Amino acid sequence: MPLLQVEGLRAGHGQGADVLHGISLTVAEGELVCLIGANGAGKTTLLRTIMGLVKPRAGRVQFAGREIAGMATASIARLGASLVPEGRGVFPGLTVLDNLRLAATPWGGTGVALQAELDRVFALFPILAERRAQLAWSLSGGQQQMLAIGRALVTRPKLLLLDEPSLGLAPNLVEQVFDTLAEINRLGVSTLLVEQNALMALDVSHRGYVLELGRIVAADTAAALRDDARVQGAYLGG
Amino acid sequence: MTQVLASGLAMGCVYALVGLSFILIYNATHGLNFAHGEFVMLAGFILYSAVDAGAPMWLAALATLGCMGVFGLVFQRLVFYPLRDRPFLAFVIATIGFGIFARNLALLVWGPNPLKVPSFFTATAVSLLGATLTPEHLFIIATTAVVLVTQYLLFFHTALGRGLRATAQNPEMAQLLGIRQNRMIAITFVLSAMLAGLAGVLVAPIFLIDTELGGAVILKAFIAIIIGGFGSIPGAVLGGLIVGLLEILVAVHVSSTYKDAIAFGVFILVLLVFPRGLLGGPVEDRV
Chain U
1 MPLLQVEGLR AGHGQGADVL HGISLTVAEG ELVCLIGANG AGKTTLLRTI
51 MGLVKPRAGR VQFAGREIAG MATASIARLG ASLVPEGRGV FPGLTVLDNL
101 RLAATPWGGT GVALQAELDR VFALFPILAE RRAQLAWSLS GGQQQMLAIG
151 RALVTRPKLL LLDEPSLGLA PNLVEQVFDT LAEINRLGVS TLLVEQNALM
201 ALDVSHRGYV LELGRIVAAD TAAALRDDAR VQGAYLGG
Chain C
239 MTQVLASGLA MGCVYALVGL SFILIYNATH GLNFAHGEFV MLAGFILYSA
289 VDAGAPMWLA ALATLGCMGV FGLVFQRLVF YPLRDRPFLA FVIATIGFGI
339 FARNLALLVW GPNPLKVPSF FTATAVSLLG ATLTPEHLFI IATTAVVLVT
389 QYLLFFHTAL GRGLRATAQN PEMAQLLGIR QNRMIAITFV LSAMLAGLAG
439 VLVAPIFLID TELGGAVILK AFIAIIIGGF GSIPGAVLGG LIVGLLEILV
489 AVHVSSTYKD AIAFGVFILV LLVFPRGLLG GPVEDRV
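Chains U and C supply the protein sequences, listed in that same order.
If you count the first sequence from 1, position 112 lands on 112 in our numbering, and the numbers rise without skipping.
Each position in the second sequence, counted from 1, maps to that position plus 238 in our numbering.
Hints in this document: simulated from the structure, not taken from any laboratory.
Hints are all accurate, no fakes.
Among the chain U residues that face chain C by a calculated CB cut under 7 Å, a handful are:
1. Thr73
2. Ala74
3. Ala77
4. Arg78
5. Leu83
6. Phe91
7. Ala103
8. Thr105
9. Pro106
This one's a predicted model, so the numbers in the text were calculated from it and none came from an experiment.
Just so it is clear, CB atoms sit at the ideal spot from N, CA and C, and this is done for glycine as well.
With the hints as constraints, model all of the structure from the sequences given.
Right under this line is the structure:
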């Protein structure tokens with residue numbers, strides 16, 4: 001049984017038409033899976049539906065052996081799924097340290113255990129240790145992305161979901177972020193990565209899915225997708 | 239003069255408590271609670287009933303705060319929760335309706351005649367630094383100071399406070415981190431109702447309690463909130479103190495008949511110079 005199993009998922013916003021037309025995908029324990037697709041394909045909606053921010057209209061979402069479709073977002077988070085949303089979602093008026101400490105909520109972490117998690121994040125992103133007392137809005141875009149990823153790690157996730165972590169970052173930072181994601185995955189955190197930057201995403205992933213207009217149109221290993229002529233034409237610039 | 243300042247500060251503290259408790263709800267839900275004045279009024283009536291039933295003043299005050307906490311929870315459940323996914327105007331209108339309901343309920347239960355509760359103190363005056371002051375005013379100032387420090391510690395040095403601030407700043411992200419938004423909002427309503435109730439308990443002995451008690455206080459608290467910068471908690475406190483002091487200074491030195499008119503005039507002037515209030519800051523920095 002994979003860690004995350006999505007089957008026939010349909011969802012849309014408000015009273016609007018379906019954005020997702022029956023999505024099925026899996027993420028196994030320890031895997032790094034990427035989801036690539038153009039703007040408006042439904043990538044963000046898919047992540048938000050998995051996390052319960054958008055209510056599914058049909059289909060099943062199973063996570064860590066539990067049916068989570070229809071569950072409250074906070075409960076899904078407490079089961080160990082952690083989304084780093086597009087735009088990062090740092091709390092601008094909280095300090096870097098408070099942003100991180102807050103993330104221990106799912107496992108009720110305090111004291112030594114929490115400090116150990118913070119130290120891990122600070123080891124991964126030393127700049128955050130330096131800026132721990134600063135309010136989060138005063139960080140640069142790249143630092144905010146590090147804070148968002150670091151914060152997701154403090155939740156002790158079984159599954160990390162990332163929505164466009166490269167968005168708005170300088171190219172050298174993008175590389176650094178992807179290297180870090182690969183490292184986090186090597187440490188044992190299963191990851192579902194949504195990216196427009198398909199080449200970068202496929203480089204670090206084990207497997208990938210291609211999403212077009214709310215449907216999965218291709219699913220394969222990352223290497224195979226990189227060599228696929230259709231994927232190359234549409235997403236890899238030739 | 240010291241006495242005038244003390245009484246102005248005391249009223250300012252009451253406006254500050256009402257204003258900041260109003261803003262707590264606004265920050266957590268983006269809802270405007272137009273029944274907030276009625277929270278103050280209800281606390282006054284409950285205090286009266288407790289005293290009337292024979293409770294000593296301190297016990298009556300604690301019982302009132304307890305009742306207000308429960309009331310905040312019930313209010314959240316009945317008035318806010320069913321409308322939480324509707325446009326924010328639905329909640330605003332529901333609170334206006336609740337305000338009318340609460341005033342008329344109070345009229346039925348406690349009658350139309352203004353009621354009086356005894357003072358917290360037996361002494362009518364205390365000497366401090368050569369000035370003769372009313373103990374009531376000093377008590378209001380001291381209590382408010384303690385409450386503000388407690389609230390600061392709660393919000394900035396506890397996990398609950400972090401959760402409350404995070405929910406106010408970005409509710410969706412807070413949920414993604416496992417924070418139960420409905421619980422945070424319920425706690426906010428409880429805190430807010432208790433603070434508004436405290437304001438009612440503090441003013442009850444120096445005012446008469448009737449159905450207009452809330453209206454008198456909430457109007458000034460609104461001015462305080464807006465002068466201070468809408469959404470800012472330090473702003474609500476600063477604004478409250480300014481309004482309280484201004485009101486009394488104008489009444490003593492200029493005209494007590496026109497004190498409200500002059501207070502509103504100054505309010506308009508402040509907004510002309512600081513359109514977002516004193517501590518409102520530019521739009522993009524608001525969090």
